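Student: Sequence:
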Amino acid sequence: MSTEWVAEPIRTMANEVTALPHLVIGWGDLQWPPSGSFTLSTSGGLTAYGQVWIDGVTSQPGPTPSLDAQLGFGPAGSAASTWTWSEASFNTDAGNNDEFVASINPQQAGSYDYGYRFSTTGGRDWTYGATIGHLTVNPSGDTTPAAVPTGLHVSAFGPASISLGWDAVGGDAYGYEVLRSSGGSAYSVLELVTDTSYTDATVAQGQTYSYVVRSVDTSWNRSANSAPVSQVADVRQMSLTFTVTVPATTDATGRSVHIAGTLDRLDGGNPQWDPGATTMTRVDATHWTITFTGKEGTQLEYKYTLGDWDHVEKGPPPGCAELSNRTLTLTYGSGGTQAVNDTVDSWLNVAPC
Numbered sequence: 115m116s117t118e119w120v121a122e123p124i125r126t127m128a129n130e131v132t133a134l135p136h137l138v139i140g141w142g143d144l145q146w147p148p149s150g151s152f153t154l155s156t157s158g159g160l161t162a163y164g165q166v167w168i169d170g171v172t173s174q175p176g177p178t179p180s181l182d183a184q185l186g187f188g189p190a191g192s193a194a195s196t197w198t199w200s201e202a203s204f205n206t207d208a209g210n211n212d213e214f215v216a217s218i219n220p221q222q223a224g225s226y227d228y229g230y231r232f233s234t235t236g237g238r239d240w241t242y243g244a245t246i247g248h249l250t251v252n253p254s255g256d257t258t259p260a261a262v263p264t265g266l267h268v269s270a271f272g273p274a275s276i277s278l279g280w281d282a283v284g285g286d287a288y289g290y291e292v293l294r295s296s297g298g299s300a301y302s303v304l305e306l307v308t309d310t311s312y313t314d315a316t317v318a319q320g321q322t323y324s325y326v327v328r329s330v331d332t333s334w335n336r337s338a339n340s341a342p343v344s345q346v347a348d349v350r351q352m353s354l355t356f357t358v359t360v361p362a363t364t365d366a367t368g369r370s371v372h373i374a375g376t377l378d379r380l381d382g383g384n385p386q387w388d389p390g391a392t393t394m395t396r397v398d399a400t401h402w403t404i405t406f407t408g409k410e411g412t413q414l415e416y417k418y419t420l421g422d423w424d425h426v427e428k429g430p431p432p433g434c435a436e437l438s439n440r441t442l443t444l445t446y447g448s449g450g451t452q453a454v455n456d457t458v459d460s461w462l463n464v465a466p467c
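Residue numbers for the sequence shown follow the numbering used here, so the first one is 115 and each next one is one higher.
These aren't lab readings, by the way, just hints derived from the structure by calculation.
Computed from a prediction, not measured in an experiment: that's the story for all the values here.
Beta carbons are placed, not taken as given, at the ideal position from N, Cα and C, and that holds for glycine.
Treat the hints with care, since some could be wrong.
[Said to hold, decoys possible] Per label pair, the in silico range of CB-to-CB distance:
#, residue 1, residue 2, range
1, I246, S275, 18 to 28 angstroms
2, G382, A270, 19 to 29 angstroms
3, T196, T355, 55 to 65 angstroms
Put together the whole structure using the sequences plus the hints.
Tutor: Below is the structure:
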């Protein structure tokens with residue numbers, strides 16, 4: 115077995131150095147076919163095979179651990195370092211070699227070179243095959259793109275992702291390219307998808323992103339871009355409504371019902387644990403309500419009062435026990451509204467407590 119040792123420094127108190135082995139590729143190259151041609155189409159493409167030999171290793175049955183293979187292509191005469199590369203899969207044992215297979219399908223007519231490269235260092239180093247294949251992609255007679263997608267919208271968002279949806283395009287549409295812009299940059303392609311939805315999971319919290327989509331037909335023709343949509347990657351804002359049922363004796367006190375707690379975590383600059391600052395709205399003799407806005411996932415603690423801590427809510431009579439803080443987590447749900455319905459059994463210093 116051919117093994118090479120590469121020094122990799124690690125931090126220790128003694129400033130020691132360790133070494134990590136990797137297999138040494140003795141030979142690797144494009145195996146077949148030496149050339150090919152097809153007409154530009156999403157259903158076209160060229161399947162190519164490559165083989166690689168590592169002394170005493172690839173002769174063993176099955177794929178070699180830590181051995182990666184890629185098939186790449188680029189314009190005829192271009193340097194392989196500039197090619198588009200895609201992962202190849204282990205195909206079979208071929209004598210003492212491992213054989214890999216992959217497919218390529220350039221999206222523009224023209225002349226291309228293609229070939230294989232191999233790595234045993236996770237892509238840090240590559241061994242390029244010497245044989246270069248030659249591919250001709252003939253133009254399609256179809257030069258008319260499918261329709262421009264409509265209905266692009268943000269279906270969901272958060273601090274780590276933004277999800278999009280849009281209306282399907284008929285005709286010979288094959289899929290859709292999703293493009294993104296941020297910070298005033300030009301739109302760039304994120305991905306080609308065949309569904310009418312996409313989730314961008316490569317966003318940064320607090321950053322605003324703009325998106326467009328365009329249809330791609332079976333001849334790789336692209337439509338114009340759709341109308342754009344923009345979204346901030348952040349926690350969703352929502353509405354929270356408290357409705358509390360109070361004792362029938364409440365009106366006779368001449369006091370209003372208040373809510374106090376960690377309300378500073380909500381929008382609007384509310385105070386924290388101020389028993390007389392946040393007045394609710396009277397609905398009738400036994401019901402009061404108030405609505406806030408805030409971010410989903412916010413955790414609250416709160417209690418109801420009649421304007422001061424001498425008239426805070428208590429447990430049911432006759433005990434009128436001290437109560438723990440009420441707790442709540444803002445939950446967005448399907449529409450971004452949350453309703454909380456509470457009941458106050460009695461008030462401190464109000465009969466019968």
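Student: Looking back at the numbered hints, which does the structure fail to meet, lowest number first?
Tutor: Hint 1 alone not satisfied by this model.
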